[in-house]
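S.K.: Listed here are the chains, written in short residue letters.
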Amino acid sequence: MAPDLSTELCGIRFKNPVWTASGCFGYGREFAPVMALRDLGAVVVKGTSVEPWVGNPGTRVTETPGGMLNAIGLQNPGVDHFLNVDWPWLQEQGATVIVNIVGKTVDEYVEVARRLEGSGVAGLELNISCPNVKEGGLAFGTSCAGAAGVTAAVRKATSLPLMVKLSPNVTSIVDVAKAVEDAGADAVTVINTLLGMSIDIRRRKPVLGNTFGGLSGPAVKPVALRMVWQVAGAIKIPVVGIGGIMSGEDAVEFLMAGARAVQVGTACFVNPRAPLDVAEGIGAFMAETGVERVADLVGAARPAPLTDPAPAPAAARKPAAAPKKAVGPMADYLRDFLKDSDRF
Amino acid sequence: MQGLKASRSKGQWVREWATVVSHDGQGDVYRLVLRAPEVARRAVAGQFVEVRCTAGRSLVVDPLLRRPFSICSIDGDMVSVIYRVVGRGTSLLSSIGVGAEIDVMGPLGHSFPDPSVGAGRLVLVGGGLGIPPMVAAAARAVSVGRPVTAVVGARSVGYLAGLAELRATGVDVVVVTDDGSAGARGMVTGPLASALADGAGEVWACGPEGMLQAVKELCARAGVACFVSVERHMACGFGACIGCTVPRADGPGYLKACQDGPVFAAEEVKLGGA
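Chain order of the listed sequences is B and Z. Numbered according to my numbering, the first sequence terminates at residue 391, and the numbering increases by one at each position without gaps. Numbered according to my numbering, the second sequence terminates at residue 283, and the numbering increases by one at each position without gaps.
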């Protein structure tokens, strides 16, 4: 039997666990010539604000070892353009769409969410972690109070599934994850880019016009994987894993660390079909190792099973169902370990 | 100015496994000829290709990104590019031998306008590594019988990459160098100003942005249509990353070099700044 790649998250069944990462897939148009967008688990569109944003001046991207830095600055055409132009087109493609939303103030996040209410998009991903805009973005994502505040405000404004994309540029991502969970998030995306920089030694100045930029690509994968592992062990809502995934094997690592879905970003720039190739790779791995459901990979590398936020219907559950809560000496150890997760 | 526009490609870009037909270096400048039938069939002068720097089909994560190169020539099922080794990526690329397979995407971006539409002598201006794209431009203009003069410049004789190929298209070529080691000592703006005074009808330029700005100003003063091909750091090359922006001339905001360009009508863009 061919493995079942579908996966359930926030009450939605996705065709497969591979989504496109916000900021790496535009609104999908550039990729439509080389793939059917409906074949993706979901399209997470570019960070979208109330009004159009022009983005940052100067050099915006540069390659680094095994990755790249970007300082785009959330250039986007605004939520009304999305609703009037991109969303109807995405619906024609049959795509499952999650809208990444950004704002300079809490009110702006709320307004974008309000305008998307009732549109039919599958969910919202709150971007509180973009390192490239001076106001908003990262300002909300680097403190538990800021992250919780904007999450709670948007929670009140939307009935849509609400995911929060977390910044790795914090002292404890676990604490921020817990704060947004308590504030009403339905899922978290782990991680956004790592803040970095590059210097042009001939010109004696930073390469990027914005001086700093977000590091992405294979270079960040071990860090992202560690953070997915930590966060998945500390909260009950699902984790969507992202960071340097180039292949099915990479994605399986994230699933085994506890992610229930993954996002593919930078890989799309090199191989526009990367998300589909990653999904195929997961399927091939499942077939090769006799795994029937994606859920059976989720947390598989962990010493204790994860709590299941969306248990499968009783009939579909195996007789020897895994305990719903992490128990046993190993889980206790893990819980204690994660309590103090900043020690390493 | 005369209703001329940079053109779309003949079709959608494709990803293709190209075979290296020849790959020769002179100093740090290399000429790479690829058999890439799907790219070649669609390519138009002024467009570019995105090339991985390593050969073969296994998953390589470093160097991660492709490198964008303007197309130098389109010949049957082959395209060529000329590049300079400037870093790790181009250094690795330069070591790839004949017969190897390279992952190529293209043709990307807008080409120069249809040379059969514009009127008068077409002046091609190429500076340094801006010369190679003028080879394909010259070949296309010659094929429709447009009179062409090419003005090319570089810091010295060793940096006139593509000069032989340009001469082979049969167009008139004027050479200048900063040090006088080939042609007259000076900058491309000298011969360009003469050509404009002689009634040139249209100018296409590629090279350093300071040169493009000077060419743009000369053409504006002469009231002659000018198209410039710009260079930017790129991640994807097909419009997704919004990394390769060029400031729009008509107010705030940016155009994408990869998708809206790399060839722009000069009056569309602000050159030489952020």
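Do not rely on the hints blindly, as some may be mistaken.
What the hints assert, rightly or not - Where chain B lies over chain Z, by a calculated footprint (3+ residues, C-beta under 8 Å):
no.: 1; region: 65-71
no.: 2; region: 257-268
As the list claims (entries may be wrong) - Sample of chain Z residues with no beta-carbon within 10 Å of chain B, all distances over it, derived:
no.: 3; residue: 21
no.: 4; residue: 74
no.: 5; residue: 187
no.: 6; residue: 248
Everything labelled a hint here was simulated from the structure, so no lab data went into it. These numbers come from a predicted model, not from an experiment. Backbone N, C-alpha and C define an ideal beta-carbon position, used for all residues, glycine too.
S.K.: Does each hint fit the structure? Answer for all of them.
M.R.: For each hint, the structure was consulted:
By the rule of at least three residues with a Cβ nearer than 8 Å to a Cβ of chain B, the coverage given for the region 65-71 of chain Z holds, with 3 such residues. Coverage of a stretch by a chain is defined here by at least three residues with a beta carbon nearer than 8 Å to that chain's beta carbons; for the region 257-268 of chain Z and chain B the count is 4, and the condition holds. With a least CB separation of 5 Å from chain B, residue 21 of chain Z falls inside the 10 Å interface cut-off, contrary to its annotation. The beta carbon of residue 74 of chain Z sits about 5 Å from the closest Cβ of chain B, which is not more than 10 Å, so the claim that it is off the interface is violated.
The claim that residue 187 of chain Z is not at the interface with chain B holds, since no C-beta of that chain comes within 10 Å of its own (minimum 18 Å). Some Cβ of chain B comes within 10 Å of the Cβ of residue 248 of chain Z; the nearest lies about 4 Å off, and the non-interface call is violated.
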